[in-house]
Amino acid sequence: MTVGLMVTCINDALFPDTGKAVVTLLRRLGVEVTFPAAQTCCGQPMVNTGYLDEAVPLLRNHLDAFAGCEAIVAPSGSCAGSVRHQHRLVAERSGDPGLVRGVEAAPPVYELTEYLVDVLGVTDVGAYFPHRVTYHPTCHSLRMLGVGDRPLSLLRAVRGIRLEELPGADECCGFGGTFAMKNAETSIAMGNDKARHVRSTGAEVLVAGDNSCLMHVGGLLSRQRSGVRVMHLAEVLAQTEPVVHSVTSAGSAPTREPASPSGAPTAGGSQ
Amino acid sequence: MTATFVGMPAFPTAAKAALADTQLRRNLAHATGTIRTKRAGVVGEVDDWEELRLAGAAIKDRVLRHLPHYLEQLETSLQAAGATVHWARDADEANQIVVGIAQEHEAREVVKVKSMATQEIGLNEALEAAGIDAWETDLAELIVQLGDDLPSHILVPAIHRNRAEIREIFLREMGTAGRAAPEGLTDEPRQLAAAARAHLREKFLRAKVAVSGANFAVAETGTLTVVESEGNGRMCLTLPEVLVSVVGIEKVLPTFQDLDVMLQLLPRSSTGERMNPYTSTWSGVTPGDGPQEMHVVLLDNGRTNVLADEVGRQALRCIRCSACLNVCPVYERTGGHAYGSVYPGPIGAILTPMLRGVGHDAQTDSLPYASSLCGACFEVCPVRIDIPEVLVHLRSEVVDAHKAAPGLPSVQDMAMKAASWTLSSSARTGAAEKLSGLGGRLLNRFGGHGAPGGAPMLGALPGPASAWADSRDVPIPAPESFRAWWGRTDGGRRDAAPPGHAQGGPTQGGTAQGGTAQGGTAQGGTAQGGTAQGGTTQGGTTQGGTDGRGAGR
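Those protein sequences? They're chains G and B, same order as listed. Under the working numbering, read the first sequence as residues 1 to 271, first letter to last. Under the working numbering, read the second sequence as residues 1001 to 1553, first letter to last.
Rather than coming from a laboratory, the hints here were simulated on the basis of the structure.
DSS-like mimics (lysine-lysine), calculated; alpha carbons at most 27 Å apart, straight line:
| no. | chain 1 | residue 1 | chain 2 | residue 2 |
| --- | --- | --- | --- | --- |
| 1 | B | Lys1403 | B | Lys1417 |
| 2 | G | Lys182 | B | Lys1417 |
| 3 | B | Lys1403 | G | Lys182 |
| 4 | B | Lys1417 | B | Lys1434 |
| 5 | B | Lys1016 | G | Lys182 |
Facing chain B, a subset of chain G residues (Cβ under 10 Å, in silico):
| no. | residue |
| --- | --- |
| 6 | Ala55 |
| 7 | Met144 |
| 8 | Met215 |
| 9 | Ser222 |
| 10 | Met231 |
Here a beta-carbon is modelled for each residue, glycine too, at the ideal position from N, C-alpha and C.
Could you build all of it, start to finish, from the sequences and the hints given here?
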């Protein structure tokens, strides 16, 4: 199966490693990934600020860019949610029936964990990440898309990981797009409480499926010199255990089998 | 006692003050946290909760589709049951009607059942202007009224007060409004309730006229319903001679049977109780029993405007349970006053702008933006009001209203236009990223580690960026965008693996990572071979992210 990577504008410009991690991960699982180079932004920042007219050209561009794909995968619950739930609204606003039809005919969009668990049918992607981690389920993944425990089931299968439960996990971190600027004081109050919960877990890494939320909480954690860093789920799942060609370590830790995803064939289009 | 929301600043300003009120923060976090847990418990034990929600929404939608029909049916039923029906287009009309009835009976005071509709229209102030005292009899409303305060929650208007503050208000103010608080009153809840009971009892027994709202009005039978927890409502509804009920036109239900659904949804959602303690239903006048004169004021006051809004009309399903307030992370931190309306929280952020209309004042226009769109409100709403959807819709109405107004476009208008222009073309986007990447390369030498992937971040910044950077470090743009990387490396295929490495492919996870993330140099080598331990954790895991940044150097 060939999927189009919708890397999202924020990852494109600020966090390209997340996009690279998705490529690494999907290829490892035998998926052919393309990056439709005409893509830019789904238009969510405009829609959520009330600028529907300004979102129309972005929608046109999005539909053109991904027209040839069988499916779209995005490492962002928020952007996947926007495509799924807001594009129709924007199309209707445009008054162009062709655009409405375009939205209806667009390829299905999956948030990364939906694609892994539902389409590929894997939870163990062969990842290795020997760190103490806590997971924040971002609001749009959780409530707009309803990804449920897919991310956690993926994380639980990661070798070496020590997963800590995050208190008040379901509560919003306070990012909220332009909310973070328009209502900065409230946004920061919310974010500080999230950061406090994160720190209480003793985790070294805060993981989530949306870099925009992580940028906000990570910005607070960094300012606090908290010793906690943030990381996109895709980057955790892309990591694998290096193969140690044992020369002297006969009696030490047994060399692991090279990581390969169990539950799905390693190569050749698992679906 | 005429505290009013008029003249409140816009939400961000009001919120800033509220966020600094440490006692408010403590009180609200405790109260909303408690009620949230309680609600989740009793909702979780209902197997068909989702079906109940769907039924509640369907009943309300049917009412809204055929509102004129059900209202006329309600009027006929009420009249047949001996009640007098009044129609009020707005707050002034409704207030005049109620004041007129009180004056007709030469009443100097009225007792009140807690009612959002009468708060919305400012009835207490209208009565006061006519020389008539309006006594709130709900405990929390009494606290607000005695404290010359404003309500900050739909269900628990004094939620921002703790018991020490309540004790002080009772000791200070009760004597000025009637029976004083007993000496030696402590802040023990039982004692506070007893003081309120004694204070209110003489008012119940003395008043000739009572004013209520209604949670539901059944069109078929002309039955009004009040749902309350303290018995004060029952007192007001049964003891006085005259009862006036101010009822929003969206409160109508087609049949008595529909109460079955609503009376399951409401208490579990609002107080976290399985069953409501005092549910009063009455159908007109019963000779010799209860009030012998009954008036019902059917209130529009902007509701038909809401009904005309195809997206926003779902807000009229609201049964005022306040579950959305209790679960809202914004409300929990700012409290209700910051919303500048008797309807605070998520439901207030959509209802208030629709009742008042947008594009007229900055305070109202700020309300649809007073949300992070986290969606927790929609999840708990017993009648499935998609509050985030309506918030986004109202934001577009605010923007449209401002665009249509004369004058220069705002900074935000221009920024969005510019962003739209840039982002509607991948060539322009790529060019902008090149520029930001250049900046990123320069900035990369500063900063700590905090951004996703452990990338460097910037500290405090001047100007508008300070809204972000005052408390949050700022991510530095990647020196090379994903787009540029894909183009340069053909999606990571061109410089995929470190030189000399067997392209074994699928098995070598570390390889793939090294290759993609860093364009295969010495780093990949470390991860691969030699160093047994340090290399394992470093190269294979944490490095990928951090070092990817250096790739474009």
